[in-house]
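Peer 1: Start from chain U and add chain G according to the hints.
Listed below are the residues making up each chain.
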Amino acid sequence: GESVGLHLPTLSVQEGDNSIINCAYSNSASDYFIWYKQESGKGPQFIIDIRSNMDKRQGQRVTVLLNKTVKHLSLQIAATQPGDSAVYFCAENVGTYKYIFGTGTRLKVLA
Amino acid sequence: GAVVSQHPSRVICKSGTSVKIECRSLDFQATTMFWYRQFPKQSLMLMATSNEGSKATYEQGVEKDKFLINHASLTLSTLTVTSAHPEDSSFYICSAKWSGRGLAGGTSTDTQYFGPGTRLTVL
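So the protein lines, in turn, are chains U and G. Numbers in the numbering used here are just positions in the first sequence, counted from 1, shifted up by 25. Numbers in the numbering used here are just positions in the second sequence, counted from 1, shifted up by 37.
For reference, chain G alone in the conformation it holds in the complex:
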């Protein structure tokens, strides 16, 4: 249980284009999802908290107009990197927190379950 998927797993795009990354909780409902980015040999840095049915909360220094987040349902959040540039190249990882109801979920509503990540390369 508590499986999170991401799509695509890898994407290469040209500078100036937009890229959408999907995060799905497959066997549980998640009212809250999180988006992280990770540079090589570094830890995960939280970008934003995505709440179903409301606006995302962005961490300090993260441009909300550049990283658009939509949490349209209890099992899906999307991150769109708009007008991507080479410095946006990174490993993007989402996580989901079990809402405590609905589909079979984790044992704790505090635990975040992570997706497999999306490698974004901007040329």
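Bound-form chain U, shown alone:
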């Protein structure tokens, strides 16, 4: 069942600095991973993805790193901006195209 009153882990970053958001995934057989950004009251927005045969993928200002040995995923945001403030979720594709979402991290960008 769901818990009430959970608080998301929060990462506070100064504007212009780099942000690193981490995620531990559960299934060693997962072959596809995605990072989503969710702003308050909105649906998740695709940021970047990576397949299990890669360990790094870069996008515009974002980089995803995958460490399969320890089942760890990270999202790096360069030169963090106020518009980056949101909750970030990682998701793993566990087969049959089903995703399992991580618990989420709130990113606060300080001016």
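Keep in mind the hints are simulated off the structure, nothing from the lab. Incorrect hints may appear among the rest.
[As the list claims (entries may be wrong)] Here are the simulated SDA-like cross-link-like pairs (lysine to any residue), alpha carbons at most 20 Å apart as the crow flies:
| # | chain 1 | residue 1 | chain 2 | residue 2 |
| --- | --- | --- | --- | --- |
| 1 | G | Lys-78 | G | Thr-158 |
| 2 | U | Lys-123 | G | Gly-90 |
| 3 | U | Lys-67 | G | Pro-153 |
| 4 | U | Lys-133 | G | Gln-79 |
Peer 2: Showing chain G alone in chain U's frame:
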């Protein structure tokens, strides 16, 4: 590209009534859509997988008779919350997976594209 819409964005209803939420893929065809619910400050929880032309697959603990899903076309899935109660109040989000054919779609058939969500409040 890969835009998913939901309607309505917000709905308030009385206890005991039914509410239908629509999910549409606007610029791509989706043989598979997913329905999630999200409680405040929590992650997304998958409720069911909706397949075009066949019955939905529900996750453990989700009542299929309460949450009716219909995927009538390659661009539309609906979720009906029947006999809604206050505990059904939540943020309902759908996602769609590009089928790999038809309208211009995403770059991967594995990627799910999410709708903006529907806030359901049951009084």
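Peer 1: Next, verify each hint and record whether it holds.
Peer 2: Against the structure, the hints:
1. Between Lys-78 (chain G) and Thr-158 (chain G) the CA atoms are separated by roughly 17 Å; this keeps the pair inside 20 Å, and the hint holds.
2. Under the criterion of a C-alpha separation no larger than 20 Å, the hint pairing Lys-123 (chain U) with Gly-90 (chain G) is consistent with the structure, at around 19 Å.
3. For the hint pairing Lys-67 (chain U) with Pro-153 (chain G), the CA-to-CA distance comes to about 5 Å; that is within 20 Å, so the pair holds.
4. Proposed proximity of Lys-133 (chain U) and Gln-79 (chain G) is supported: the alpha carbons are some 17 Å apart, at most 20 Å.
Hint check: no violations occur; every hint is consistent with the structure.
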